[in-house]
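Peer 1: Please arrange chain B on chain A, whose structure you already have, making use of the hints.
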Amino acid sequence: MIINIIQSMILIIAAPLFSGILKRIKAILRGYEGAPVLQPYFDIKKLLSKERVISKSSSFITTVGPIIILSAAILSAFLTPVFFTAGNELIGNMFILIFILSIIKFFNTLIGLDCACTFGGMGSSREMFIYMFAEPVVFLILAFVYFETKSFNIYKIAKLNAVRTDISSAHIVAAIAFLIWLIAENARMPVDNPETHLELTMVHEAMILDISGRDLAYIELASAIKLAIFLTIFINIFLPFGMAVSLSAAALIKAVILYLIKMLVFLLIIAIVEISIAKFRLFRVPELIAASFSFAIAAISMMYFS
Amino acid sequence: MKIEDLKKDIEKLGFPIKIEIKNKNELYVDIDKDDVKKILETMFKKYKLYFSGQFCLQDKDFIINVILTDRKNGYLIILRYKTENEIVSLQGIANQSNLFEREISDLFGLEIADGEDKRNIVKHEIWENGIHPLRKDFLYGQRVKDLCETEEYKFKEVITDGGFQIPVGPVHAGIIEPGHFRFSVIGELIENLEIRLMYKHRGIEKICENVDLNKLNLIFERVAGESSAAYGEAFAQLIEKISDFKVCESIMALRVILLELERIYNFLDDIAGICVDVGFSYPAKKFGYMSELIHQLCERITGSRFLRNAIIPYGSNIDFTEIQREDVVKTIDIVEKRFNEIVEMTLNTVSFLDRVEHTGIVEKAIAKELNMTGVVARASGIQYDVRKSFPYEVYRQLKKSINFEEIGGVFERYNVKIAEIRDAFKYIKTSLTLIKGDVEKKKQWIDIESGKEGFAVVETVKGELIVFARTGENNKMDRVYFKTPSFTNWNGLTYAVLGEIVPDFPLCNKSFNMSYSENDR
Numbered sequence: 001m002i003i004n005i006i007q008s009m010i011l012i013i014a015a016p017l018f019s020g021i022l023k024r025i026k027a028i029l030r031g032y033e034g035a036p037v038l039q040p041y042f043d044i045k046k047l048l049s050k051e052r053v054i055s056k057s058s059s060f061i062t063t064v065g066p067i068i069i070l071s072a073a074i075l076s077a078f079l080t081p082v083f084f085t086a087g088n089e090l091i092g093n094m095f096i097l098i099f100i101l102s103i104i105k106f107f108n109t110l111i112g113l114d115c116a117c118t119f120g121g122m123g124s125s126r127e128m129f130i131y132m133f134a135e136p137v138v139f140l141i142l143a144f145v146y147f148e149t150k151s152f153n154i155y156k157i158a159k160l161n162a163v164r165t166d167i168s169s170a171h172i173v174a175a176i177a178f179l180i181w182l183i184a185e186n187a188r189m190p191v192d193n194p195e196t197h198l199e200l201t202m203v204h205e206a207m208i209l210d211i212s213g214r215d216l217a218y219i220e221l222a223s224a225i226k227l228a229i230f231l232t233i234f235i236n237i238f239l240p241f242g243m244a245v246s247l248s249a250a251a252l253i254k255a256v257i258l259y260l261i262k263m264l265v266f267l268l269i270i271a272i273v274e275i276s277i278a279k280f281r282l283f284r285v286p287e288l289i290a291a292s293f294s295f296a297i298a299a300i301s302m303m304y305f306s
Numbered sequence: 001m002k003i004e005d006l007k008k009d010i011e012k013l014g015f016p017i018k019i020e021i022k023n024k025n026e027l028y029v030d031i032d033k034d035d036v037k038k039i040l041e042t043m044f045k046k047y048k049l050y051f052s053g054q055f056c057l058q059d060k061d062f063i064i065n066v067i068l069t070d071r072k073n074g075y076l077i078i079l080r081y082k083t084e085n086e087i088v089s090l091q092g093i094a095n096q097s098n099l100f101e102r103e104i105s106d107l108f109g110l111e112i113a114d115g116e117d118k119r120n121i122v123k124h125e126i127w128e129n130g131i132h133p134l135r136k137d138f139l140y141g142q143r144v145k146d147l148c149e150t151e152e153y154k155f156k157e158v159i160t161d162g163g164f165q166i167p168v169g170p171v172h173a174g175i176i177e178p179g180h181f182r183f184s185v186i187g188e189l190i191e192n193l194e195i196r197l198m199y200k201h202r203g204i205e206k207i208c209e210n211v212d213l214n215k216l217n218l219i220f221e222r223v224a225g226e227s228s229a230a231y232g233e234a235f236a237q238l239i240e241k242i243s244d245f246k247v248c249e250s251i252m253a254l255r256v257i258l259l260e261l262e263r264i265y266n267f268l269d270d271i272a273g274i275c276v277d278v279g280f281s282y283p284a285k286k287f288g289y290m291s292e293l294i295h296q297l298c299e300r301i302t303g304s305r306f307l308r309n310a311i312i313p314y315g316s317n318i319d320f321t322e323i324q325r326e327d328v329v330k331t332i333d334i335v336e337k338r339f340n341e342i343v344e345m346t347l348n349t350v351s352f353l354d355r356v357e358h359t360g361i362v363e364k365a366i367a368k369e370l371n372m373t374g375v376v377a378r379a380s381g382i383q384y385d386v387r388k389s390f391p392y393e394v395y396r397q398l399k400k401s402i403n404f405e406e407i408g409g410v411f412e413r414y415n416v417k418i419a420e421i422r423d424a425f426k427y428i429k430t431s432l433t434l435i436k437g438d439v440e441k442k443k444q445w446i447d448i449e450s451g452k453e454g455f456a457v458v459e460t461v462k463g464e465l466i467v468f469a470r471t472g473e474n475n476k477m478d479r480v481y482f483k484t485p486s487f488t489n490w491n492g493l494t495y496a497v498l499g500e501i502v503p504d505f506p507l508c509n510k511s512f513n514m515s516y517s518e519n520d521r
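Going down the list, the protein sequences come from chains A and B. Okay, so the first sequence: first residue is 1 according to UniProt numbering, each after it adds one. Okay, so the second sequence: first residue is 1 according to UniProt numbering, each after it adds one.
Pulled out of the complex, with its shape left as it was, chain A reads as follows (with noise of 0.2 angstroms):
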């Protein structure tokens, strides 16, 4: 129990880190040294000290939503295996952890309509609009996950991957799917570009353009867990070889070591990946995630044919 919590907040302090370390790779691969990885906590250090300016056409939404979001992100961490899982906690259904997540795009949503800037709308549209295409996706992908383990609570799935040795090639075309899905849910290239500062291009950064100060660092902290919650998932889903199920000091030393490598490896391939290609031009995106959905369905078919 106590183990959890400790490894959940380990996941929160550690989401800036990540995305520092995501920012720093993709400086190296382009040619330059880029900010160091510790560069997200100060600027979240820096927003937290600023002033909280709010549109005067907004509602309370623009008031609580920077605040409800990072309480799910913050939620949804605690719901999340990270390196030790002993597979009998009655928390983690996936379900669960799924809506509380939604509720982060659902608020991102209702903050871009809410501050009466044009710019926020079309975000917000932007972001259903993607979501739309994206959300079934998720349900294939948990039936798979089903049919391979029975169960549908996260803990117990890593638990069950974690001792498997015939890896099926349904299992790595899921991961496929699930890793695309990922990209999209988390606004990163080729669905959207974080690093751009057109705001008649963004999906996502559009619709916190009018938050400012302390808001934004909530909002900014919140999708910086959102990436390192996904990524944990999915890696406690389909590679959690060498997870700690004891809690023996070697069992959980080699867990966080083998956790951190293969976050670092796929922080290498979303960076590999966002410099290497062109942002989707906007009515292709749902092309990409027909791609995701159509791995998804071989995946269960694979696995039900075999």
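Incorrect hints may appear among the rest.
Unchecked claim - Partial list, computed: chain B residues near chain A (C-beta under 7 angstroms):
1. Val278
2. Ser281
3. Lys388
4. Pro503
Said to hold, decoys possible - Below are the BS3-like pairs computed for lysine-lysine, each with C-alpha atoms no more than 30 angstroms apart in a straight line:
5. Lys215(B) <-> Lys56(A)
6. Lys154(B) <-> Lys56(A)
7. Lys60(B) <-> Lys46(B)
8. Lys22(B) <-> Lys48(B)
9. Lys429(B) <-> Lys337(B)
10. Lys200(B) <-> Lys37(B)
11. Lys56(A) <-> Lys46(A)
12. Lys23(A) <-> Lys337(B)
13. Lys156(B) <-> Lys56(A)
14. Lys215(B) <-> Lys441(B)
15. Lys60(B) <-> Lys452(B)
16. Lys388(B) <-> Lys441(B)
In case anyone wonders, no lab produced these hints; they're calculated from the structure. By construction, the Cβ of each residue, glycine as well, lies at the ideal position given by its N, Cα and C atoms.
Peer 2: Chain B in isolation, oriented as in the chain A frame:
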């Protein structure tokens, strides 16, 4: 056709006109105010002329000048008529003449006689009323007060069910100059775009009238920072043309090197911008890096990253010796090799091509109608390059062909810019062979009698720049007029984005990359 023959030919048209040839390729045609439209129509029909601009001079009366260019022979034909308080509107005959008329109307306070578009262009709502900054009775140094007396500007609006407007700017998220973009959209589709500029009009034409000729090149270079060398070249060309002076070939070749260096770093930044706007960050950073190498080269050879104060009339303001020559050759070689690799990479990336191909198309007919010039026009199939039509310095030897594409989309503009960079490498190498020995820094005092006038035409990175100047008393200019390329090219963008989706606007905009400050001159 020789210019003398053209003069005789125009005289035969049978209008009461007076023609004068100046500076070898400028034909000044004094006409009557009532005949303007008729003469213009006849001349358009008879000769292959292009409308390039319209400006106002102030003597006792106002003199309106209509600039026509003969792109084949490299002649400028200027129709002049006197008027007391109104401009004959050429809207409908000469394309985009509304821009020039509205500008004259705002800055000189003349009425536009007939014509559809009479809205303010320079004057914004904040201006005080009844003020005309370019008139001689508006004293130099006097400021336009912020009194909010000018009438409100009316945008073209598309109003339908489900349609809405997106106002963008004048303050933007990026660090760019001010410009207001009013989109009328239905969903994500752009139905109409209107651009409003000139938020920071600097009155440079007024400043030019009050600065000594020997310092004036500095003011010219400030019209548009990214084309400093081209504006400096325009000034040098102008002064040398008026005083009938010819510099030696080494200096001419050196000027071409500087102009082409400017072209390289600008177009490198442009194509880097195109890559940034589609989120293709690897080549974007690499192009940016190469542009920085060129900037540093510029600083090493001229002392200025933007080549300022290097090109001056009658000589050169920098030394160019064996050391600089080697530096240029070495840097150009490094940049050229890496440039080709990265370009190859972008052209082999499907996701990049998918974004740029068939996006933001300006058809040839529209480009022609808007009198677009420069790279953006050449991407639409208009084969016009000032370096070929009005060859200056050593371009007569260098510029043999024109880079152009047919379709006129973002990809074509990208390709033309790449071709221009490759040409620039070539021209720099050839120019280096034309420099005999060392060029020494030599500044000669400029002193010109009053009443002389002339035009300079230069191909800047944005297109065709035409500068008119007339000298006045005390070694100062009496009137300077800049027909900047961006002034007319901006409207091409409004056509490029029609039918595109809103998220593709920044890409179209970056492929045009027009200058705001060229309008705010």
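Peer 1: Hints first: check each against the structure and report whether it holds.
Peer 2: Outcome of the hint check:
1. Val278: For Val278(B), the interface hint holds, since the closest Cβ of chain A sits about 4 angstroms away, which is under 7 angstroms.
2. Ser281: holds (5 angstroms)
3. Lys388: violated (34 angstroms)
4. Pro503: Hint on Pro503(B): holds, closest Cβ of chain A at ~4 angstroms, below 7 angstroms.
5. Lys215(B) <-> Lys56(A): violated (50 angstroms)
6. Lys154(B) <-> Lys56(A): holds (27 angstroms)
7. Lys60(B) <-> Lys46(B): Distance ~33 angstroms between Lys60(B) and Lys46(B) Cα, so the pair is violated.
8. Lys22(B) <-> Lys48(B): holds (21 angstroms)
9. Lys429(B) <-> Lys337(B): holds (14 angstroms)
10. Lys200(B) <-> Lys37(B): violated (33 angstroms)
11. Lys56(A) <-> Lys46(A): With a Cα-Cα distance of about 24 angstroms, the restraint between Lys56(A) and Lys46(A) holds, given a limit of 30 angstroms.
12. Lys23(A) <-> Lys337(B): Between Lys23(A) and Lys337(B) the Cα gap is close to 29 angstroms, so the pair holds against 30 angstroms.
13. Lys156(B) <-> Lys56(A): holds (29 angstroms)
14. Lys215(B) <-> Lys441(B): The hint holds at about 16 angstroms.
15. Lys60(B) <-> Lys452(B): holds (17 angstroms)
16. Lys388(B) <-> Lys441(B): With Cα atoms ~29 angstroms apart, Lys388(B) and Lys441(B) stay inside 30 angstroms; holds.
Hints 3, 5, 7 and 10, counting from the list given before, are not met by this structure.
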